[in-house]
Amino acid sequence: MSARLEIDRVEAAYGGTRVLKGVSLDVAPGEFVALLGSSGCGKTTLLRCISGFVPVAGGAIRVGGRDITPMPPDKREMAMVFQSYALWPHMSVAQNIGYGLRLRKKSRAEIAARVAEMVAMLKLDGLGERNVTQLSGGQRQRVALGRALAVDPQILLLDEPLSNLDARIREDVRHEIKALQRRLGITTIHVTHDREEAMVMADRIVILDAGTIAQVGRPEEVYNRPASAFVASFMGANNAIRLDLSRSGAKLRVAPGPHNREAELPHEGAIDGKVTAHFRSEAAKLSLPGDADPQGALALEGRVVQAAYPGGFWRYAVAVGDRQFMVDDERRVEVGVNARVVLPAEALHFFPAEKA
Amino acid sequence: MGPTRGVSVLLIFPALAMALALFIYPLGYSLVGAFQDKAGVWTLGNFVRAWELYRLDTLFTVFIVGLSTFLIAVISVSIGGYLTLGNSPVAKKILDWLYRWPLFVPFIVAALCMRTFLGRNGMMNNAFVFLGLMDQEMAQSFLDWRGIVITFVWKQTPFVTLMVAGAMAGLDRSTIDAARNLGASRLRVLLEIVVPQIRRTLAVGLILSFVTMMSVLSVPIMLSGQSPSMLTVNMAWRINSVGDYGTANALGFVSYLLTGLAAWFYLREAVRDKQQGLTR
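If you're matching them up, the sequences are chains A and B in order.
Residues in the first sequence are numbered consecutively from 1, following the numbering used here.
Residues in the second sequence are numbered consecutively from 1, following the numbering used here.
All clues stand as given, with none of them false.
So the derived label-pair ranges between C-beta atoms look like this:
id : chain 1 : residue 1 : chain 2 : residue 2 : range
1  : B       : Pro89     : A       : Lys274    : 48 to 58 Å
2  : A       : Lys105    : B       : Ser215    : 39 to 49 Å
3  : A       : Lys123    : B       : Arg200    : 32 to 42 Å
Take a look, some chain A residues computed to stay more than 10 Å from chain B by CB distance:
id : residue
4  : Gly138
5  : Glu262
6  : Pro266
7  : Val320
It should be emphasised that the hints constitute simulated quantities derived from the structure, not laboratory data.
These numbers were taken from a predicted model, which means no experiment stands behind them.
Built from N, CA and C at the ideal position, the CB exists for glycine as well.
Using the sequences and the accompanying hints, generate a full structural model.
Rendered as C-alpha cells:
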C-alpha cells in the first residue's frame with residue numbers, strides 16, 4: 001500500500017522566522033526521495049510538516065489525492081523513523097514493534113504474527129522479549145524501522161535514521177533499508193545531510209537551501225549537472241575559481257589571468273562572459289614540471305602546500321595565488337613542489353559570476 | 001590516609017552531632033517510651049490503649065492520606081500531561097504559572113483559607129448559589145474529612161507536579177512524537193508512553209507527599225474538630241491534655257511504621273535508579 005505524496009507550495013515558520021518558503025514536490029507511489037541540505041535549510045521542518053508535527057502556514061499536503069494538511073499527526077497514517085530511534089524504554093522489542101498494531105485494535109494473534117514477521121525480516125531473531133535498552137545501536141535502528149513498517153504505512157518518513165550509527169554499520173544499513181523499501185514498494189521520504197547517503201539510497205534527490213528547493217533530480221543529474229553554484233558546492237564541487245570566457249561556437253576561450261595561460265575548451269551551451277567555475281578535487285589532475293603540456297584543458301599555476309593519503313590516491317592542497325584548491329592524484333608529490341592544476345572541460349561547472 | 005580520615009571525621013562531626021542530638025536521640029527516646037509505662041517498666045500497655053482508643057483514627061488517617069495521595073497522583077499527572085502534550089501555548093503558560101502557587105503557602109495558612117472557603121456559608125457554596133448551581137438550603141459544610149483531603153491535595157499537588165512536569169520535560173520528545181505518529185491519542189500517549197517513563201519520579205514525589213501529610217497537625221485540627229481524627233491530633237491531645245506520653249509515643253510508633261514503609265519504597269527505587277544509572 002503506497003501512495004502519491006504531493007507537497008504544494010508549503011510554507012512554515014518558527015516564531016517570525018520563515019523556514020519553508022513555498023516548497024512544492026511531487027513524489028510518485030513507491031518512490032524513494034531524499035531531502036538533502038545543510039543544517040537549517042528546512043529539510044527536517046518539511047518532514048515534520050508532512051508528519052503533522054509542524055503546522056503548515058500556507059500551501060497543502062496531499063496523500064493519494066486527499067488533503068491531509070489540517071489533520072493531527074495521529075490521523076495521517078504515516079510512520080516515521082527518528083534520529084534518536086525514539087524507542088520506548090519501558091517496552092520490549094516485541095511491544096515496541098506491536099504498539100502501532102495495538103492502536104489499530106488488532107487481535108493478539110494478529111499482532112504476534114506481524115511482530116514475528118518483522119523480527120524475521122529485520123534479523124532480530126531471538127530479541128523479541130529483550131528490553132530495547134539492552135540492544136546495540138544497529139539493533140535499535142532495526143526495531144525503530146520494524147515499528148514503523150509493522151503498521152503498513154502509506155508513507156515512510158526517515159529522519160536522519162543512520163546518523164547515530166558507526167560508519168561501518170551505516171554502510172550496511174543503507175543498502176538494507178534501500179532493498180527493503182524497494183521490496184515493499186513504499187513511498188519514502190528520507191532526510192539527511194549526508195550527500196553519499198542520499199546518492200546511494202534515493203531515486204531522486206531534493207536539495208534544499210534556505211527554505212526553498214535548489215534542485216530536484218536523479219542522483220547522477222544532481223551530481224553531474226548542478227543547477228546552481230550552491231548545488232555544485234554542496235555536491236562536492238567546492239573548489240571555485242573566477243574566469244573570463246568568450247564563446248565561439250562549440251569552443252570556450254578562457255582569457256589569460258594572473259595564474260592561468262589562455263586555454264580553449266570544447267563546450268556546448270550558452271555560458272559566456274564572467275563566470276565562476278566549480279570543480280571537484282577528483283576531477284582535477286596534477287601536472288608536474290616535465291609532464292607534457294595539457295591540451296584542451298585549463299591549467300592553473302600553483303604550488304603543493306599540503307598532502308594527505310585518504311586511501312587509493314593522494315589528496316593535495318595546491319595554492320594558486322591566494323586561493324587553495326584540493327586536487328587528487330595517484331602520484332606521490334613532495335610538499336613545496338610547483339605544480340599545475342589541470343582542469344578538462346568536463347570537470348568544470350560554470351555559473352554566471354553575478355549569481356555565484 | 002590517617003590525617004585525611006581525621007579531617008573528614010572532623011568535617012562531618014557538626015552535622016552528625018546535630019542529627020544525633022536533634023533527631024536520633026529524641027526518636028530513640030520516644031521509641032523506647034512507647035514500650036514503657038510511667039514508672040519505666042517495659043510493657044505493651046501503650047499499644048493496647050492506642051489500639052482501643054484510636055484504631056478507627058488510624059484507619060481514618062490511612063484513608064485520608066491514601067485518598068489524598070491518589071488524587072494528587074491523578075491531578076499532577078493531568079497537569080504535567082497538559083504541560084507536556086497540550087495544544088494551546090497560552091493555556092500552557094498560564095497553567096505553568098498558576099499551579100505552583102500553593103507551594104508557597106504554609107499548611108496552617110492553607111487550612112485557614114479552606115475554613116473560609118469550605119464552610120456552610122463559605123465562598124465555595126456562596127459561589128455555587130450565586131451561579132444558580134445550588135439552592136442555599138442544599139449548602140453543607142465541607143469542614144470534615146473532605147476538607148482535610150481537599151486541603152492536602154491543594155497543598156501537595158504543586159510539589160508533585162513540579163517533579164512530574166520536570167521529568168516529563170526531560171523525556172526524549174521523539175518518544176512522544178513516535179507514538180503520536182503511529183496513531184496514539186494524547187491520552188494514550190500520556191498513559192502508555194509518558195507516565196511509564198516517569199513512574200519512578202512520580203512514585204518518589206507521592207511518597208514524599210505521603211510522609212509530609214502524615215505529619216501535618218494544623219490541617220486536621222483546624223478543619224475537622226469531630227471524631228474520628230488523624231493520628232497527629234490524637235498525639236497532641238494525649239500530650240497536651242492528658243499528659244500521657246506513653247500512648248502518644250505508641251501512636252508515633254504506628255505512624256512511623258506507616259511512613260517507614262513508604263520510605264522503604266523510596267529507598268528501594270532510589271537504589272534501583274542508581275544501579276540503572278551505572279549500567280546504562
